[in-house]
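J.: Listed here are the chains, written in short residue letters.
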Amino acid sequence: MQPKSNYSALARIVPVVLSFATAMVLAVVALPESISNLRPDFVALVLIFWCLYHPGRVGLLVAFTIGLLADTMYFGILGQHAISKVVIAYVILRFLSDSDLKDRVVQQSVIVLLLLLSNVLILTVISRLVHGQSGSYLVWLTPFVGAMMWYLFALFRRKRTPRRYGIYQ
Amino acid sequence: MNDLRTKSNLDLKFIWFALIAIVLIVLESQTAMLRSARVVISIPVKPLIEVAQMPANVKTYYQNMFEERELLRELNQKLDEENKALREELIDLKNAADVNEWISELLHASETYQIPVISAKPSSIQLEPQAQKIVVDRGSTDRVVLGQPVIDHRGVIGQVTAISLNDSAVTLITDSTQSLSVRVRRSGIKAVVHGLGDSDKLRVSGLRSEQDVVIGDILVTTGFGEKYPVGYPVAEVISVERAKNTSFANVYAVPLAAHDPGYAVMLVWPKTVLGSDEVPLVTLNDATQE
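Same order as they appear, the protein sequences are chains A and B.
Reminder that position 70 of the first sequence reads as 70 in the numbering used here, one-by-one numbering, no gaps.
Reminder that position 107 of the second sequence reads as 1107 in the numbering used here, one-by-one numbering, no gaps.
Next comes chain B alone, as it looks inside the complex:
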């Protein structure tokens, strides 16, 4: 009798918890209501993330210590970091210059174009193995927003998809949920890059067989959807296959900004000065050609 009551109690509790979980999943997928909840829940989890990073930190520490020319190494690392930061700035500056030029030329307007960025350190922790995701050490306290683009000195890495208090998860462009609008830098042809869940391969769709694309072409962002800033390198074309029976070419590309825990990344706050007008973007891409 008593046992039966415990069991039906358990049934009831199970139904309740399952319902709560389902409501959470629905809210999470349909609305933005749970963003602050995630930030709160992440507080007790933060120490665990720190602990999980310790083995990698210790490894780097000892590697550095047993290095013979420790000081030289440190200096080298410092300079390297500075160099990277400068190169990242250079991309922004080039872009800003291009945009400025374009605005004054075509719109006869004098608008300053600055892309606010913040640098972040990728953490060594590994999320679900099947997801192409990394964690960086900037969170809601740094005013990171969902969908924020993440780049490094080589090109686009991905976008922020979840934020906790001091960290956020970046879904790489190679994840199979990701796709972004690109343009072939050399010819200005529009295409779409899709992640395949493979860290060094991307599928490029929307290119017809007769269109001008060759191996080695650089694909850059178009800024459509206002998600990514305009003109950032994304990938390099590695294979072009034109089958006779289809009108579209099979094109694959390799991402330029491969994730590497040693590299600092940049979070970008895109300022949409360009809108979604198509014509100026072509001009801009022509302008960014090297």
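Here chain A stands alone, though its shape is the one from the complex:
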């Protein structure tokens, strides 16, 4: 869990910041309508990645801050994404940190699916409580798209770096 000495603080932080920034841009960039409605919560996916692979770099504070920034970026209810992201980070760091998931692409994808579904559930419940209604049911498809993307990503990652596990912690 301790940071490697050859990692400077900056080198640890920059990828985290860049990846979250990219995710937030992807979340709002203009896409054709057919794809636009199906895009998964990229911010949640990036958060899951950091929590699973580099739990030392992100914590609940990062998850909360990113969620709050996302709330302002999407002009949504302040606190909505903050709480859903904190829940994701908490579940992974608290209950999944001991389990060795790094090689298990399918298990990972199932966990990602469940996390993304709970993310959508929290967001839907909050907007229902605040606005008295929730959006289209199409949003329930996005976790499946996200899990599929994760599956491909994890496969790719396993193929590319078969022997480097254990170096990154």
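To be clear, the hints were calculated from the coordinates, so they are not data collected in a lab.
For each residue, glycine too, the CB sits at the ideal point set by N, CA and C.
Treat the hints loosely; a few may be bogus.
[To be verified] Quick look at which bits of chain A chain B covers, simulated, 3 or more residues with Cβ under 8 Å:
#1 22-34
#2 54-68
#3 74-80
#4 104-116
#5 124-131
[Unchecked claim] Listed next, the in silico DMTMM-like pairs over lysine to aspartate or glutamate satisfying Cα-Cα at most 25 Å (straight line):
#6 B:K1078 to B:E1089
#7 B:K1227 to B:E1088
#8 B:K1201 to A:D100
#9 B:K1007 to A:D98
#10 B:K1121 to A:D98
#11 B:K1244 to B:E1210
#12 A:K102 to B:E1210
#13 B:K1007 to A:D100
#14 B:K1201 to B:E1241
#15 B:K1059 to B:D1137
#16 B:K1059 to A:E33
#17 B:K1046 to A:D100
#18 B:K1013 to A:D98
Given the structure of chain A, go ahead and fit chain B onto it with the hints provided.
T.: Same frame as chain A, but now just chain B:
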């Protein structure tokens, strides 16, 4: 032992953050306290919004560059924009004229009626897919206020529902949280238009089966609730269905001001000169008939 402590620390932290988030959500939904907080938090996010708009900007740029008659095109665009601005002004002028006429006629008062407006450019970014929302490039620095109506040269688009420093989110009338009071322009009958979350369909409620409404009728704002200015076109009736067993007609309408990223929109500061008196509004709507 140590591991156990880290875990209970994490539990504690989780409870704290969850509580803070819940307090934020409650404050946000019940009070206006977080408006300035949103403006502050939006500052680091602004560059990301700019970046997210780049693909659309680049696309427009190259489209323009590869156009053969580039100069002509530019000129055309300029004239088009001017034309739109003028037409938007015309709506205001017509309204102002109507109101002036009405005031001098019925109240024997000489009050000038001007609607302050500011033009804004819709951004290309897409918010949560299920929400009928757009972002425009005016924010708290332009003194935009919550609930401010947004219109274009064709009619009402929606209202401002969240404001950051330089941008604000406009919830379209087609969003399922939105409903507004309207009047059939031709007959003056009152009704309510509800968003369905569908960008080209609105439900019209409150019209009884025997009331005079036909396909093609234009619905205009009544100004009730002092949210929207009076007499602005909202929607056109596309279907009227009168079932025998109910006393209300099933009416659907299509919004006149469909959101289009290419069009400039106007933010309006409504000045409530009319109050909520019902009778004059009928007169006004009769006056705005073309």
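J.: Now, for every hint given, state plainly whether the structure supports it.
T.: Status of the hints after comparison with the structure:
Counting residues of the segment 22-34 of chain A whose beta carbon lies closer than 8 Å to any beta carbon of chain B gives 6, which reaches the threshold of three, so the coverage claim holds. Under the rule that three or more residues need a Cβ within less than 8 Å of chain B, the assignment of the segment 54-68 of chain A holds, with 7 such residues. Given a C-beta distance limit of less than 8 Å, the hint that chain B covers the segment 74-80 of chain A holds, as 7 residues qualify and 3 suffice. Note: the segment 104-116 of chain A has 0 residues with beta-carbon separation from chain B under 8 Å; the three-residue rule is not met and the coverage is violated.
Beta-carbon proximity to chain B at under 8 Å applies to 4 residues in the segment 124-131 of chain A; the threshold of 3 is reached and the given coverage holds. The hinted pair formed by B:K1078 and B:E1089 meets the criterion: a straight-line CA distance of about 17 Å does not exceed 25 Å. Restraint check: the Cα-Cα separation between B:K1227 and B:E1088 comes to about 19 Å, which is no more than 25 Å; the hinted pair holds. Pair hint B:K1201 plus A:D100 does not hold up; C-alpha atoms about 51 Å apart against a cutoff of 25 Å.
For the hint linking B:K1007 to A:D98, the alpha-carbon distance of about 11 Å falls within 25 Å, and the restraint holds. For the hint linking B:K1121 to A:D98, the alpha-carbon distance of about 51 Å lies beyond 25 Å, and the restraint is violated. At roughly 11 Å between alpha-carbon atoms, B:K1244 and B:E1210 fall within 25 Å of each other, so this suggested pair holds. Using a Cα cut-off of 25 Å, the hinted pair A:K102 and B:E1210 is violated, with the two alpha carbons roughly 68 Å apart.
The straight-line distance between the Cα atoms of B:K1007 and A:D100 is roughly 18 Å, inside the 25 Å bound, and the hint therefore holds. Distance check on the hinted pair: B:K1201 and B:E1241 sit about 15 Å apart at the alpha-carbon level, within 25 Å; holds. Between B:K1059 and B:D1137 the CA atoms are separated by roughly 19 Å; this keeps the pair inside 25 Å, and the hint holds. Only pairs whose Cα atoms come within 25 Å are accepted, and B:K1059 paired with A:E33 is accepted, the gap being roughly 17 Å.
Note on B:K1046 and A:D100: the hinted pairing is violated, with a Cα-Cα distance of about 39 Å set against a maximum of 25 Å. Restraint check for B:K1013 and A:D98: satisfied, since their Cα atoms lie roughly 19 Å apart, inside the 25 Å limit.
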